[in-house]
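Q: Assemble chain B with the ligand onto chain A, guided by the hints.
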Amino acid sequence: MVTRGFFGRQPPPDISNRVPPGQALTDDFPVLSAGPTPKVPLDTWKFTLKVGPRPVKSWTWEEFNALPQTRMTRDIHCVTTWSKLDTPWQGVMIDDLLGDANIEPPTGFTLAHSFDGYTTNVPTADLVGGKSMVATHFEGKPLTPDHGGPARLLVPHLYFWKSAKWVNALQFTERDELGFWELRGYHAYGDPWREQRYTGDP
Amino acid sequence: MVISSSTRIEWQTATVKEIVPRTPRVTSFVLTPSRPFTPKAGQHVDVRLTAPDGYQAQRGYSISSAPESAPDIELAIERLEEGEVSPFFHQVVQPGDEIELRGPLGGHFVWAAEEGGPILLIAGGSGVAPLMAMARHRAASGSTVPMAMLFSCRTWDEVIFRDELLAMHRKRDGFELILTLTRDVEKRNGLHGRRIDSAMVTEATERLPTPPVLTFVCGSNAFVSAASESSVAAGVPAGSIRTERYGG
Ligand SMILES: Cc1cc2nc3c(=O)[nH]c(=O)nc-3n(C[C@H](O)[C@H](O)[C@H](O)COP(=O)(O)OP(=O)(O)OC[C@H]3O[C@@H](n4cnc5c(N)ncnc54)[C@H](O)[C@@H]3O)c2cc1C
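Going down the list, the protein sequences come from chains A and B.
Heads up: the first sequence begins at 1 in UniProt numbering, then just goes up one per residue.
Heads up: the second sequence begins at 1 in UniProt numbering, then just goes up one per residue.
Derived from the structure by calculation, the hints contain no laboratory data.
Mixed in with the good hints, there may be bad ones.
To be verified - Stretch-level coverage of chain A by chain B, calculated; a stretch enters the list once three of its residues show a Cβ under 8 Å from a Cβ in chain B:
#, segment
1, 4-14
2, 18-28
3, 193-201
As the list claims (entries may be wrong) - One side only, chain B facing chain A, incomplete, derived with CB under 8 Å:
#, residue
4, THR13
5, THR50
6, TYR55
7, GLN58
8, GLU100
9, LEU105
10, GLY107
11, HIS108
12, ILE241
13, ARG245
14, GLY247
As the list claims (entries may be wrong) - Derived list of chain A stretches under chain B, where covered just means 3 residues or more per stretch with a C-beta under 8 Å from a C-beta of chain B:
#, segment
15, 32-46
16, 79-91
Where a beta carbon is used, it is the ideal one built from N, C-alpha and C, also for glycine.
If we strip away everything but chain A, and leave its shape as in the complex, we get (with noise of 0.2 Å):
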């Protein structure tokens, strides 16, 4: 349907192709939070590696930091709506944590863990094979606690409220469970190339 009087800001042609359907281009830093920004306190930080309800591998702060480092710089795109384009990231890739733990991916599912106890389900094969990081880093600053610091899970090909916040495990799973925004209403996957925002879509 076309809208009456409706012409719209359309992006220049260089970069349209890198704006999924109806997203728009921001300068700002999309957030999508259901509580307040918790306190993850450096010295008691820890991050797990789980299969199933078994844990094989956990790094402190320091341990963590001591894993190789990966920069990338990605489009980042908000179910609200919010695209931002070339943002720089550095962290710990998937892949070397793995490497780290001496386990190949073990299931097909993923569920990602934070500090405030919210979760999100993303199929192994999008976090592996150079795909997603653990991030501890924005353009080349610790990343703040409003963005997810200490760290955050980064799945840029996925609409943001996957790339979880104070993330602290991740659980490889033999099904796909779904995370705290999935039983609310959005998307199980979230692809935002084919408009995945809500449950039932395509």
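A: Below, chain B with the ligand alone, put in the same frame as chain A:
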């Protein structure tokens, strides 16, 4: 509260029934969806505008009317200078126009009277929209759940839904309004004149008979961060605070 149905919420058209200016920068648009639905207080719709060449812009807007007002829904939209969608609503949309939308959306930032209380609502500017739906729902359903709303605006003229909120407050039936005006030159009796802080949140919780079981905070990103931090500092358990951020 968990949405278990996996049916897709489809796009549909809604007719603009009425346009009501609320403040110099905020106007309400009352829409009648072609396929009616009853929202929960706090939910939103996504609105989609389409240009003749197929270009589309999409934004979320909270439903500010009570579920009891269905099939009509009210969106209170603030005009942002240089914005793409909000100025379109303010400058172009007329009664009788058709707008594409889908909803109701969101299953976390919602409250129903049966869930009880007390409830604390903290709003910054147009962030009052989903909280107004909760206050109106309380009134329309005849609920006696104690509810306090702490509402921050720039000036007296920018207090969205001012007369309706003051009327609810004056009924003395368990709804309490605490206003703060951050940029008003005039001092007004009983009103605060500073940004929300923990003392103000404490004052709001003290107007409730017992501490709030749920606190809803809505507004710009910066407002929500500051207000939820003030709430935690005032002793509101972090796990009982639900936030909705409008971006920016
Ligand atoms: C769940 C949810 C519910 C919401 N509910 C409401 C509600 O009830 N009421 C409400 O008013 N809003 C609400 N919002 C916010 C709303 O979705 C829009 O973000 C808002 O209306 C701004 O959209 P816009 O198209 O007018 O501005 P945009 O075009 O998105 O611009 C946003 C800001 O960026 C600036 N900007 C953008 N592009 C440029 C540029 N090229 N140059 C300079 N500046 C630029 C604009 O000045 C503007 O201030 C809600 C958001 C969410 C996520």
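Q: Taking the numbered hints from earlier one at a time, note which ones the structure violates and give those numbers from smallest to largest.
A: Every hint satisfied by this model.
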